[in-house]
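If you read the protein sequences in the order shown, they are chains L and D. full-length UniProt numbering applies: residue 1 is where the first sequence begins, and numbers increase by one. full-length UniProt numbering applies: residue 1 is where the second sequence begins, and numbers increase by one.
If you are wondering where the hints come from, they were derived from the structure by calculation, not from laboratory data. Quantities reported herein were computed from a predicted structural model and do not represent experimental measurements. Treat the hints with caution; some may be incorrect.
[Claimed, not checked] In silico SDA-like cross-links for lysine to any residue, where the CA-CA straight-line distance does not exceed 20 angstroms: (1) D:Lys107 <-> L:Met313; (2) D:Lys206 <-> L:Val316; (3) D:Lys107 <-> D:Ile91; (4) L:Lys396 <-> L:Gly68; (5) L:Lys312 <-> D:Lys107; (6) L:Lys312 <-> D:Leu106; (7) L:Lys29 <-> L:Gln6; (8) D:Lys241 <-> D:Thr135; (9) D:Lys245 <-> L:Lys238; (10) D:Lys245 <-> L:Ser185; (11) D:Lys107 <-> L:Glu41; (12) L:Lys312 <-> D:Asp104; (13) D:Lys229 <-> D:Thr219; (14) L:Lys312 <-> L:Leu279; (15) D:Lys206 <-> L:Leu196; (16) L:Lys312 <-> D:Leu103; (17) L:Lys312 <-> L:Ser74; (18) D:Lys229 <-> D:Asn282; (19) L:Lys312 <-> D:His133; (20) D:Lys206 <-> L:Ser74; (21) D:Lys241 <-> L:Gly189; (22) L:Lys396 <-> L:Pro67; (23) D:Lys165 <-> D:Asn301; (24) D:Lys206 <-> L:Glu35; (25) D:Lys245 <-> L:Lys396; (26) L:Lys312 <-> D:Thr105; (27) D:Lys245 <-> L:Leu186; (28) L:Lys394 <-> L:Thr70; (29) D:Lys51 <-> D:Leu103; (30) L:Lys312 <-> D:Thr135; (31) L:Lys238 <-> L:Thr209; (32) D:Lys206 <-> L:Leu186.
[Said to hold, decoys possible] Label pairs and their computed distance ranges (CB to CB): (33) D:Thr214 <-> L:Met340: 33 to 39 angstroms; (34) L:Arg165 <-> D:Arg70: 40 to 46 angstroms; (35) L:Leu220 <-> D:Gly15: 42 to 48 angstroms; (36) L:Gln385 <-> D:Gly15: 33 to 39 angstroms; (37) L:Thr160 <-> D:Glu290: 49 to 55 angstroms.
The C-beta atom is built at its ideal place from N, Cα and C for all residues, glycine as well.
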Amino acid sequence: MKLRVQNGRVIDPSQALDRVTDLYIENQKIAAIGEAPAGFEEAEVVDAQGLWVLPGLVDLAVALREPGYTQKGSIATEGRAAVSGGVTTLVCPPDTNPIVDTPAVAALIQDKADEAGMANVFPLGALTQGLNGAHLSNMVSLTDAGCVALSNHRRPMASTKVLSRALEYAATHDLLVVFQPDEGSLSEGGCAHEGLMSTMHGLAGIPETAETVALMRDLLLVEKTGVRAHFARLSCAKSVEMIADARASGLDVSADVAVHNLLLSDQVLNQFNGHYHVLPPLRSEGDRLTLIEGIKAGVISAICSDHQPHEKMAKVAPFAATEPGMANVEVLLPLAMQLMDEGDLDLATVLSCLTAGPASCFGLEAGTLSVGSFADFVLFDSTAQWEWTLENRKTKGQNSPYLDDHFTGRVMATFISGQRVYQLV
Amino acid sequence: MMRSDPRALQLNEHGQLKHFLTLDGLDKTILTEILDRAESFLSMGEQSVKKVPLLRGKTVVNLFFENSTRTRTTFELAAKRLSADVINLNIETSATSKGESLLDTLKNLEAMQSDMFIVRHSDSGAPHFIAEHCTPNVAIINAGDGRHAHPTQAMLDMLTIRRHKGTFDGLKVAIVGDILHSRVARSQLHALTTLGVDEVRLVGPKTLVPEFFTEMGATICHDLEAGLKDVDVVVMLRLQKERMKGALLPSEGEFYRLYGLTEESLSWAKPDAIVMHPGPINRGVEISSEVADGERSVILNQVTNGIAVRMAVLSMAMSGQLQSSEVQTAGDE
């Protein structure tokens with residue numbers, strides 16, 4: 001089907017594009033921008049007057065909870081939440097039940113995602129069987145089955161030797177490994193950033209070194225093995241420095257951060273509100289500001305929602321007893337927009353970290369409106385005022401401190417391969 | 001999802017206590033009122049009839065998710081001397097049990113139409129959680145939550161200090177030992193700084209005294225002699241045996257050698273310094289028997305003062321609840 005998206009403000013950081021123009025779509029792909037291709041006769045016109053036309057967002061961390069935890073979410077519900085937030089491509093973690101350590105589970109997730117007809121879903125495969133940290137998974141079979149990369153999630157490795165061998169094996173086959181740096185013996189039992197707030201409130205702390213000790217080890221092993229590596233969910237100022245130093249010395253590694261670590265610091269813990277219980281924890285204001293600097297400097301090239309839906313009861317408990325995680329995928333874009341005010345970031349940088357940036361971290365063909373690419377795009381009303389509530393939310397999760405907040409900017413429609421998959425009604 | 005601040009949560013619209021969750025955020029006026037009221041109850045304990053009818057007809061539930069004999073008993077005595085009906089519930093919970101069961105437990109207890117829950121729990125913030133999720137008009141009293149707070153213990157310590165020293169002005173206080181895991185130390189620090197002492201020193205090795213306490217107004221000393229020099233009050237904390245397993249200390253013996261309170265180390269404090277301990281004491285681990293039983297020890301006075309302070313807190317919170325609900329009812333009409 002041929003489609004013309006007219007008069008929208010088309011913003012695509014991947015081509016340094018920001019102007020009011022028309023998009024032409026043919027055979028699921030972007031056929032032209034500005035001038036219609038010769039002989040183009042659209043079957044449908046989408047009026048984008050007054051709206052922004054953005055590349056579909058690429059979110060590197062959206063837990064779908066299926067298979068295994070359908071009380072928290074499903075591929076259908078979380079896929080719908082994702083597209084309502086403008087996310088057209090997402091990566092889901094391997095910590096389902098069963099864990100994504102066999103091609104069958106990877107295939108199941110993708111089949112269900114196709115069936116749901118929502119976002120393009122790329123599972124992460126488990127680096128070790130059952131994420132047990134001891135036995136290598138069938139990495140090649142997993143990537144053949146559609147896994148975009150391998151990760152041991154936030155689970156510990158049995159030893160540094162096993163990790164080293166896993167990386168060597170992955171490097172042999174040129175596979176991408178995703179690290180969530182965490183030295184488990186240092187973070188064990190902790191639920192909040194080790195600092196004044198956790199000390200005052202008697203919450204067991206997670207020191208900065210839980211992340212940095214693991215990160216330094218991982219970087220040394222990446223250097224030795226030559227494996228392709230991505231570092232996920234950085235939370236500490238020092239981690240940004242370490243990644244910057246590694247890149248300066250020639251190591252080609254990428255990094256992402258969760259949007260809540262850019263917007264919030266541990267100051268919010270003063271109310272014992274379990275909705276702020278996340279891993280890695282919300283850290284100090286200094287850490288938050290350095291993470292933003294890391295984005296400005298290009299050290300961190302992706303912002304993700306780190307969407308982790310939970311049922312209501314998972315958060316109805318004293319702080320330490322709540323399950324960690326927030327479910328923010330459907331407000332990722334307006335949350336990230338707040339960074340322009342909160343963090344003095346420019347629009348192109350924020351959008352790049354939501355589109356082309358994450359796509360390039362994982363080598364995904366997504367996050368761009370360049371001619372010839374799949375027509376995944378979002379119509380965004382940057383001035384719309386709205387309230388996100390339990391009633392109008394799309395995720396099954398009930399766990400976000402942002403529920404009942406008022407937002408500026410709202411996704412009006414989402415298209416994948418030229419097909420409208422979401423329309424605000 | 002705005003939630004109320006834990007400090008605001010415990011006051012009614014007139015600024016009176018309706019719960020007692022933490023000393024953080026309570027001003028000097030309220031703390032002094034608690035101490036004054038406790039003084040008046042103290043004299044009552046010496047009379048042959050030890051009861052007043054302030055909580056007559058009220059049901060008080062001792063809700064202990066963590067073991068305690070002394071605290072539970074003194075709360076029970078305090079409530080009974082205020083003429084309340086008291087139920088004791090010991091609910092053992094494993095470390096992995098979730099809040100689901102806590103909320104369920106709570107709903108069941110609410111159905112018994114209690115007026116007050118006295119809560120001890122191993123999770124920091126649990127009494128605050130209960131205060132938020134409980135039906136209104138039930139007063140929640142924190143009897144110790146995780147590492148967070150033990151406000152009645154801290155207030156009985158303040159009463160003990162005031163009775164022995166007459167004032168808080170100009171006092172130097174040392175708190176020695178496992179500060180990291182101590183809810184008592186945290187609450188004492190809030191109380192002492194609010195009541196206006198000159199200096200609070202936290203004494204112990206770095207593994208047990210996090211640096212962040214300086215931002216809460218304390219001075220940190222890693223050396224016992226420097227920590228005790230010229231202090232008016234020495235508070236020794238109990239050292240749990242499991243701290244050795246967590247690699248926080250090499251041995252009880254080395255801890256006692258470096259931080260134990262003996263006749264010798266006590267001599268570094270002022271000659272009239274008093275020695276306190278929230279109990280139960282470990283003789284020969286953090287304190288010598290000579291000092292614990294010595295003339296400067298006020299450890300048993302603390303226990304007596306504990307009943308009076310708890311009577312004060314229970315009666316104030318109940319009265320604050322009633323005033324709060326009366327206003328709510330009036331507003332509804």
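Could you tell me which of the numbered hints above are not met by this structure, giving the numbers in increasing order?
Violated hints (numbers, rising): 2, 8, 9, 11, 18, 20, 24, 25, 29, 34, 35; every other hint is consistent with the structure.
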